[in-house]
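*Asks:* The lines below spell out each chain.
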Amino acid sequence: MRLAPGIVSAFFLCSASYTGAAHAQSPDSSAAASLAQARSALKIAKQRLAASSASVRKARALERKPDSLDFDSLHMRAAVPAMPTMPPMPPMPPMPPGVPAPPAMPAGPQTHPQAGTSAQRDVIETVRKDPAAPQLPSDDSFGIGSRTIAAGATVRGPVAVVDGTIDVLGTIDGNAAAINGDIVVHQGGHVRGDAFTAHGKVRLEGGTVDGEIRSLSGTVGVTAGHVASHGPHGRYATGGAGRYSAWRAFKLAIAWTALCLIIGIGVLTFAEDPLGNVTQALADHFGRSLWYGLLGQLAFGPALLAVVVALAITVIGIVVAPFAALGAVVLAIGVIALGFIAVAETTGRALVRSRTQAMLTPRGAQLRALVTGVSAFGLMWVVAACVSENSGAGLAIRGIVAIITIVAVTAGVGAVIVWRLEVRRIARGLLPASSPHSIDDTSWQTPTPVSGVAAARRPTPPRPPGSVT
Amino acid sequence: MTRPLAITAWMCATLIALISHPALAQNEGADSSKDGGGERVLDVMRQQHDSVPLNVHVGYGGGELMVRPAPVGVLFAAHCVYGDESDVPKISFDPGAHRLNIGGEGGNGNVSIHMRTASFSGSANSGDMRLELSPYVPLDLKLEFGAAEATLQLGGLAIRQLEVATGASSTMLRFDSPNEMAMQNLSLHLGAASFRATGLANARAREIEVNAGAGSADLDFGGRWTDDIRLDLSAAVGAIHVHVPADVAVISDVKAVLGDVDSDVAHNPANAAHHLAIYGKATMGSIEVDRSVGGSD
Chain A
504 MRLAPGIVSA
514 FFLCSASYTG
524 AAHAQSPDSS
534 AAASLAQARS
544 ALKIAKQRLA
554 ASSASVRKAR
564 ALERKPDSLD
574 FDSLHMRAAV
584 PAMPTMPPMP
594 PMPPMPPGVP
604 APPAMPAGPQ
614 THPQAGTSAQ
624 RDVIETVRKD
634 PAAPQLPSDD
644 SFGIGSRTIA
654 AGATVRGPVA
664 VVDGTIDVLG
674 TIDGNAAAIN
684 GDIVVHQGGH
694 VRGDAFTAHG
704 KVRLEGGTVD
714 GEIRSLSGTV
724 GVTAGHVASH
734 GPHGRYATGG
744 AGRYSAWRAF
754 KLAIAWTALC
764 LIIGIGVLTF
774 AEDPLGNVTQ
784 ALADHFGRSL
794 WYGLLGQLAF
804 GPALLAVVVA
814 LAITVIGIVV
824 APFAALGAVV
834 LAIGVIALGF
844 IAVAETTGRA
854 LVRSRTQAML
864 TPRGAQLRAL
874 VTGVSAFGLM
884 WVVAACVSEN
894 SGAGLAIRGI
904 VAIITIVAVT
914 AGVGAVIVWR
924 LEVRRIARGL
934 LPASSPHSID
944 DTSWQTPTPV
954 SGVAAARRPT
964 PPRPPGSVT
Chain B
18 MTRPLAITAW
28 MCATLIALIS
38 HPALAQNEGA
48 DSSKDGGGER
58 VLDVMRQQHD
68 SVPLNVHVGY
78 GGGELMVRPA
88 PVGVLFAAHC
98 VYGDESDVPK
108 ISFDPGAHRL
118 NIGGEGGNGN
128 VSIHMRTASF
138 SGSANSGDMR
148 LELSPYVPLD
158 LKLEFGAAEA
168 TLQLGGLAIR
178 QLEVATGASS
188 TMLRFDSPNE
198 MAMQNLSLHL
208 GAASFRATGL
218 ANARAREIEV
228 NAGAGSADLD
238 FGGRWTDDIR
248 LDLSAAVGAI
258 HVHVPADVAV
268 ISDVKAVLGD
278 VDSDVAHNPA
288 NAAHHLAIYG
298 KATMGSIEVD
308 RSVGGSD
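Those sequence lines, one after another, are chains A and B. Just add 503 to wherever you are in the first sequence, counting from 1, and you've got this note's numbering. Just add 17 to wherever you are in the second sequence, counting from 1, and you've got this note's numbering.
Hints are computed from structural coordinates only; laboratory data are not their basis. We treat Cβ as the ideally placed atom computed from N, Cα and C, and that holds for glycine. Hints are not guaranteed to be accurate.
Stated by the list, open to error - In silico contact screen, one side only, chain A against chain B (beta carbon under 7 Å); selected entries: (1) A635; (2) Q638; (3) S641; (4) E708; (5) G709; (6) V712; (7) I716; (8) R717; (9) L719; (10) T722; (11) G895.
In isolation and in its complexed conformation, chain A is listed as follows:
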């Protein structure tokens, strides 16, 4: 079975030889031009016969690895198969005298991939998936083996072959494509469209190609970076900026989850009180936090710009402006991180059963809630990464997860703003410190020794000498 493509190719190459020989033996002297063309076709067909074994080797290798083809290495790996035996030539039909020679016809085979092997269809499909490949004609348009466009003949394009070469002596009114073969545009040959080869060359030997000449070699097929960017027909659909890999997204989700856990534990360790206050503000004023967060995010850019412009007015401000901008960005990152960690902790508290929480110390319960909440958000992204290759459902899930995350971050940022506003209002006396909506102000203030001052010893009169205690 594996020799089938080679045998098929050899059969048609022999047919091409026969066609050329038939024309060569034509006694009609008026067909001198056709005789010359037939001889040329015979010569080309013999060359293609010698090349057919290479086609067999490629086809075998392609059956093993249809999605990524390294043609050069295929040449190195494949064993040289025995040449298929040529079928005997049928007897020549006598040519009636006085009948002009037939017009130059394509000397190549006219078969379609349906008659070829699945390996050849895989080759076409593999090339079709290469992002650098142009729009290829349908599989039905591909012929197997070499094809010659005779001088003087005009063939409507596209002309496409696999495992063969296109020799253009006439005109192709359209595109030409050759996979595992060359396109040779001889003197007088004309391709009015584009010429494309995969693992082959477009050779201009005096001919003309009006359109683009494009060749792919080396590894051909879909690239690793564009696996998920192909449309239903395997065409390159998105630019480099839109490339997406499920495995890469999975690793990013894991990495971000780990990063958030590290940041969260750091916040819990070094800024426990602010975290507690923000969590409290989030629990008490979720709606207000969401709106404040939205306003804060929208206002950040213009506010930063205004500050930088205001600083740039003065000479000293020009020097200070970059540091101010950097400080604002650092502050924004800190607010976002604090807010998100607070949201994650709140989410974790909701997810973990209160009975088991009650068995832990307050800090242990806080840590458990934090880990649970961050893991929940990370898990959403991991799930989104795993299903993202299914274009419709994947995109929908990714969109939902992204919206949830954006809402969480917005609410977290808003909770930080709410907390700070509450602190300011308490400091100005606008809000009583005992208000149910107040935030524990002592958590934000600089710690002071509140455990009391050592009492002074009360002076007592000296005891008289000789007294007994």
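Add chain B to chain A, keeping to what the hints say.
*Replies:* Leaving out everything else, chain B in the frame of chain A:
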């Protein structure tokens, strides 16, 4: 730990983590490229059918780039070698507008080649490209590089306008032979780049504009002088070194704002056939002019 110290430590830790995280992702990309597929080669060319001016825009992210004249009968030919993880070079030609655009999205040139990497980081996923352009059609060239190592052999071409913008690249611009036509404009916008130009007189540009960001530019005005040249320099933080032939008179009006200007061309030749007028300012960089042309005729 006191509250301000804790807040500061937490913010710094957050910032460091966020900054280092993309690097982690970048390494992931680089690692996957190692065990990715093999080398890919793309050749694209067009035959020259007329002499209509060609507008060429090349946007090149990282890797090696060479631009040079094409053989007879070829309008342009691009030979690209890239890896499995790289962005596929996009080479598009608009026959109507006679525009070639090489590279990624958004090129407005006629011929454009973009080989921008996914991460814009340069070498890890970069490729190599050789671009040949016809010397028989007027060219409007716009070349933009990221972290590329570029060799531009533009001598012998017919360039009407040339604009080169570099990022953190190492660029060599050569005019070994005269431009086939007078160049209307030559602009060099250099980022944190190492840039060297030789045979600039062969460019046949009456006005040359050089903006050096944080890189170093070495401008050699060797070659065949056919006209006077006006050179506008701006050295923000970078250093510009101008080499002038001994037989060319120099008119220098370069100001140092916070930078440094050093001119070693006080004595002009008596019967100088051509003049180089240098204008500009060294904001925080340096501009140096001397008569040490290496490749003058």
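*Asks:* Does each hint hold? Answer for all of them.
*Replies:* Hints and how they fare:
no.	hint	result
1	A635	holds (5 Å)
2	Q638	violated (13 Å)
3	S641	violated (23 Å)
4	E708	violated (12 Å)
5	G709	violated (10 Å)
6	V712	holds (6 Å)
7	I716	holds (5 Å)
8	R717	holds (5 Å)
9	L719	holds (6 Å)
10	T722	holds (4 Å)
11	G895	violated (24 Å)
Going down the numbered hints, you'll see the structure goes against 2, 3, 4, 5 and 11, while the others check out.
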